[in-house]
Every structure is written in structure tokens, then in C-alpha cells.
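Novice: Knowing the structure of chain F, use the given hints to seat chains P and H on it.
Those protein sequences? They're chains F, P and H, same order as listed.
Quick note: the first sequence, position 149, residue 149 per my numbering, numbers continuous.
Quick note: the second sequence, position 8, residue 8 per my numbering, numbers continuous.
Quick note: the third sequence, position 173, residue 173 per my numbering, numbers continuous.
What the hints contain is simulated information worked out from the structure, not anything from laboratory work.
Glycine included, every Cβ here is placed at the ideal spot set by N, Cα and C.
Simulated coverage check for chain H against chain F, where a stretch passes if three residues somewhere in it have a Cβ under 8 angstroms from a Cβ of chain F:
1. 9 to 15
2. 77 to 88
3. 113 to 125
4. 199 to 206
5. 213 to 223
Derived, one-sided and incomplete: chain F residues facing chain H with beta-carbon distance under 8 angstroms:
6. LEU2
7. ILE226
8. SER230
One-letter residues, chain by chain:
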Amino acid sequence: MLRLAVLVLLAFMTLPTVVVVAVSFNPTAILSFPPSGLSLRWYVNVVTYPQFQRAAWNSLLVTAGAVALAMPIGTAAALGLARGRPRAASLWATLLLSPLVVPGVAAGLGFLIVGAALGLLRSRSVLIAAHVALVLPFVVRSVGVSVRNLDPTLERAAASLGATPWRVFRRVTLPLLRPGLLAALLFAVIVSLNEFVVSLFISTRLTEILPVAMFTYVVNYTDPTIAALSTLFIVGTFVIVWLADRFLDLGGVFLHHR
Amino acid sequence: MARAVVELAGCTRDYGGIRAVAGLDLVVYEGELLSLLGPSGCGKTTTLNLIAGFVLPTAGRVRIDGQDVTDRPAHQRGLGVVFQSYALFPHLSVWENVAFGLRERRTPRAEIERRVRAALALVRLDTRAEHRPAQLSGGMQQRVALARALVYEPRVLLLDEPLAALDKKLREEMRSELREIQRSVGITTIFVTHDQAEALGLSDRIAVMHGGRIEQLGAPREIYERPASRFVAEFIGASTVLRGRATGPDRVALADNVALRVLGLAGLRAGEAIELAIRPERIRLTGGAGENVMDGRVVGVVYQGVQTELTVELEGGQRLLVFVAEPAPAALAPGQTVRLHLPADAFMRLGPASEEAGR
Amino acid sequence: MRLLLTPALLVVAVFAAALSALLRYSVLEFVPGSLQAGGLTVANFTGIMSRQYLGAVWDTVLLSAATTALTLVASYPVAYVLARTPSARVRSTLLVLTLAPFFTGAIVRTYAWMLVLGNTVVTWPVPMLFTPRGVLVGLVHFSMPTMILLLAAAISHIDPLYERAAASLGASPGRVFRRVTLPLSMPGVVSGSVIVFAWTLSAFATPELLGGGRVKMIANVVRDLALDSFNWPGGAAFAVMALGVTLALLAGVGRLTTPADRGA
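In isolation and in its complexed conformation, chain F is listed as follows (with noise of 0.2 angstroms):
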């Protein structure tokens, strides 16, 4: 009965998903399922429009400058974190985590018009600065949870052995972060190329990253052309957690492990 159960809700919760596969291969603009035939067409259509081509390039250069500045950050904050006294330190946790639960309007016009008085709209760097803000959190939390397993003892010997506070962190402290720290970075990628709602607001056409420029489309077009660039997504995102599951025990992160 239990099982039966389950299997309905997760073919609730898979269906979008086959449908939009599914459409994304209809040769015809009109959208039907099961789709009449196969075609790519769709799909050579999101590679070669301009607006798509543009906004992947930011989402590329957002991304990768939000990611490159919320890894070192979030990382030396997880590690601050640990070794202050526990109840500053859950002061500032919470402090560190509140972005996420902001509402993304909140944020978003906020953020535009702080992005507004400074006259920097026109840059993306209200977009890097607010990426950087949503994704530290989840940085934070990932590394934090390896820093808690990281036995503290493990410095003291390295320091007795000769080696200097910056030995120290390269040669112990960050080898044993590893998985902490790839998880922190799978988490940062996909919450960043991901963003939406904030980056509505504080996008122009010229700046707008992909999810807004496929919100944009959707909104004016009903071709299934968003259905070949989510299908391209789901792909992409199947790939990374399936990857990141194999080899970095995701059950843990969120499970308690008897």
C-alpha cells in the first residue's frame, strides 16, 4: 500500500520533467504530447538565439565570479564558526544563513535600489554582489559540516611538528575539507546558475542571466523552444547529483546515519 503510494507521488513528481523531454523533440511549434515526431530543431534554436547566447555568457561570467569570491569567504567563515565560542558563534550562524530566508522580492528590489542610488545597473556587479550573498549560506553550511568531522587535535600535531599556522592549513586543514568543500562548490554553482527571482530585478536585457532571459521568453512565446533549454538543464543537473551522490554521500548531509 505504502509502495503504491510512493510510486504515485513520485510519478507526480517526475512527470513534468518526461513531458518537457518529451516536448522538447516535437517538430511543430503547436505543443502536443506525446510529441508527433523528432526534431531538433528546438534545440538548434536556443544554441543560435542571441538573447540565449548572451545571457549564458552572463550567467557564465556571474556564476563564476559569485562562486570565486563565496568559496574562500564561506570557508574561512565556516572555519571562524568552529573555532569561537559556541554560543557567538550560533549568534553569527544565524547572521550568515539569514539570506536564505529572505524573500527573493525582498532582496531583489532592495537590491535594486541600492544598485540604483550607486548608478552601477548598468555593470554586473550588483548582480556578482547579490549572487554572492544567496550562495554564501549554502558555502557555508557544506564546508561547515566538514570542518565539525575535522579532529582539532590533528593541527596541534602538525604545529608541534615544526609546521607554521599557514603549513598548517595547507598541508591538514584543507586536504581533510575536501569533500566539504566540492560539496560547497556543487551547491554554489547550481544555486547560482539557477537564480531567478533576484536576478529579475536587478537584470537589464543587457545583463540578464539565462533563468530571466528564459522567463522572458516564456512570457512572450509559446514555442518549445524552453522546453529543448530545460531539457538541456535537467540533463546537465541529473548528471551533477547523480555524480555528487556516488561520491559524496548526499544521505549524510541530509540524513541522520545510524
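Specialist: What follows is chains P and H alone, placed relative to chain F:
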């Protein structure tokens, strides 16, 4: 005259409201193995951490080879530390673990090869060089930790309860191996432990610690046979504490008619209250009469193979712990009456009752 | 500790600056035709009380409540299997299926529903796309991964020995669930529900695309005011209201859960 290698002068260390170490003075001489012995919370690990530079003293100075290193961070003190949990780097092989300190000293490759191989041979782990720590047993990990700390010939070796995680048999094996290595290398060593048998067996000198202070510092035999305080007498080895009143320069009266002759205790004043301790293995079962002979009733019998541990109650109600070497001269059972002889020179004085109250 | 945290705190400060700009604008007067705002006023907040806007607020609350309830019912079975299954393969599969939607982004997920609800796959007996019904379906689908993970985490903390003890005392699996598992999972149920409710209150993409302009939730009103009418103060007031309610709800949950269960 032996050279002082490590000196602690008036070291105090506070953690918030707790004083872990109070005004500690300690000198450790060249080539000796000194144990810091005491129960948990006595400050022995804090003392080790002060010497290693992992914590800074709230007051006092730390000197190594005459130089004041109090303000020098841990990685500049040139010491070797073996931690209770071994702290082997899980992401490095045995070889890389042992080579770690040499790499930090920019030792040339060929030299590292030579010395790591020698260190691994010293601890008999040459065949495990490529293994990861997780693949080794506890005893092997401990030896890797030792090799890692010794390979760069540090000035002092610090060991923080290194044998605590091993089972009994392995612990005893490692104990003698450790001593052998220390002697052959000749390195000044400070050994922290809560196990008094370990300290007695390994050390050149023992510092018995209690409440952040050193209660007694001396050779093992001295600590065992002439404990300076009640704490030391009770912490080291077993003993019975007897309360009585001195009745002359060499006489003590216990409660209810039991009179004792005591030798080797200076300055007994008639009338003063006194506490005496006596080791259970010094008390003998006897048949005859004489001085320091008394009867008692057996109230507890614990067979231990090598000896049987008797608890005997005297007329006045005081209880004595007696070790009888096996095979015992007579059958022993609760309720029996036994006659005991307490040799006059076996008593240790714990100080008059008022001294205890002031502690 | 301080030194390591400083860069991160700078980032938070930037974020805080954005929020304080928002707060500031919410109490400034809207000057039509200009992005500069006028003097201090509460008109933006009192404006929320007008019929059309209050309607949007009410619709948002209703939709969020309905979403939370349906999501809870739909997520619990999946969460239970995820937490309790002994098979690593099943757990892996469920995790991937649950997490993947998280990572495909709002637009992709919502567009997929536009296709399904828009009579592409089946012809629905009643209109689904561009109706509150459709938005509800989209919102439930959107919230399920979150709810599943939160519930699974809570259930995985319940020692299976309790269920075994209940069975040994004679309770059938159904009774074990009702009398032991469900009550013990209540903290997770409550915190999961509040979190989903709070997030749904601020949902944007789903109502925007699936509602087609006919279903307005608070976030859509903010966008309309700020990006269509350029009424930044008005939009800010709505956004501040949404922010305030969200913070209040999550602070309430924080009090109920242990740090181990807290989502963020």
C-alpha cells in the same frame, strides 16, 4: 651535575574560573624520563600543553635549554609530541606522516629517506610505510606516532597518556618497548599518565600532581616507600590509614588497647594525634606473640592469583588491608580470626590530623 | 575567529544594506513618474489595506495554507520510505529524484507544469492553467522536495527501536504509525509545515507563470508595483510585509526545534 633541559617557573594557567595549574615549579634534567602522574583534572595535561606551547601560561615562564620560550608558538619550540589519540594524519601514508616534521624543516630528500627509514626500523614498522593510519591497529598507530615525533631528533619528547587507548597486555608490552627506545636514544622525556603502575615502572622521577600542584617529586621508590602526603600515599599503591595517638618517641596507641612500636619516624611528641599508613604487602600473618602483633577478624577475601587481598577488622573497629602471597600459609575465609604482625619499620607518617584539615 | 569571519560579515552587510534600502523606501512617498521618492509616509502600508491588495494578501494566505496541507500529505509517505528503507539503492534513487528538481530551477519546473496543465498531455475536465487550481498544483510540486527532506530528517532521528517495542506490545503496523511514529515525528511535521508555508507566502515564479496574470500572490504584486508601475515605495511596503511575516514564522519555528532539525 645533570643539565636542566625544561624549566617551569611559577606557571599558572586559568580557564575562566578554574585554575588548572597553580604556581608550578618544575625542572626536567637531560636524558631523564619524568612522569606527571595524577587523577583526571589534576593539571598534568595542562602542564604538558604549557611545555609544548599549545596553551600560554596566565603567569610564569617556560624555559627550554635556559632560553625563555614562553612567548614562542608551538611550531617553533622544536619538541616532539605523541598525543593520546595519536593524531596521525588520515590523508597521508605512514611514511608521509613520519616525514612530516622533516619536510617542515626543509630537509633534503635523500636525508628524509634515510631518517624516516631509520625511525620506522626503530619502531619495527618498516614494512608498513605505504599504509594509511586507518589500516593499522592501535598499537601500530602508536608506534607511528612515536616515530613521527622522534625522527627529527627533538630536544624533548612529550607523551600525553600514549598507552591509554591500548588493552592491558599491549600496554605492558609497549611500556617496556617505549623505555628501551627512550634509553637508547637518550632523549629527555616527559610522560603524562594516570596509571601509577606505569609511572612506577617507567620513570626516573615521578611528579605526583593534585589540584594543579605537585604534591611530591622524586624517584619511584621514594614516592612509594615515603609518600609525603595522604594523597600520595592513597594514590600510589594500596595502603591502610591508621589513626592513633603518640605515646612516646617511638610508640603509638591505636584505639582500644592496640599499642604499636614505630621506627624511623622523627619527632613524635607524646600526646599528639597522628595518622599512619602501612602497605598491605608488609603485613604478615603470624602464629606467635610479640610486639606489633594483633588479632583481627577477616571480613573480606579477594583472590587475585598472585596474592589474596584480605580485609581484616581490628578490635577497635579499624580495618586493615593485607596482601597474602599465594600459596597462602593457611586457608582464609570471612569470619576467621587471624594474627597479624605489623613490622615496626613499615609505617609511613601522614602528618598530624590538623595538617590534613588545612589542605 | 574574528579575522576569518570578517569577509563573510561584509557580504552580510551588503545584503543588509539592500534590505535597509527596502525598509527605507517602504516609508517614503511614491512620486509617480520618478524613481526618486518623496518624504516619510505610511501611505504605502495603508495602501495595502485597499480592497484589491488585501484580496491578493488573502489569496496568498489561502493558497499557502492549502499548499502546505497537500504537500504534507503527499510528502510524508515518500519521506518515511526515504528515512526507513534499508536498501542503499532505494535511498539513493529517492534522494536523486527528490533533490534533482531542487537543482533544475524555478523556470524549468514551472514551464513543465505549463505544458502539463495546458492541455498538452491530457485535456483537463476543468481549466487548470491560469487558475488558482493550477497554481496550487505547481506550488505543491515545488514544495515537496523541501518537505520530504525535512520530514525524512525528522523521521530518521526517531529510533526504530520504539516502533519495534510497540510491535512487540501487540500494535499492528497501522497502529504503530498512528501511536508512535506520527506523534514522534510531530516536531518535524510542524517545523516542516511552517517552513513550507513561509516560503510559499513569497512564491513568485509559479503564480507568475501558471497564474498568467489572473492569480496574484504577494510576490507578484511586488513585481507589478516595482517593475511595471515603477512604484518602488509601494512594492517595498509589500515586500517588507512579506519579510516581516516570514521572519516571525521562522523565529517561531526556531523556538520549537532543536538545532539539528533546523533547515537553514
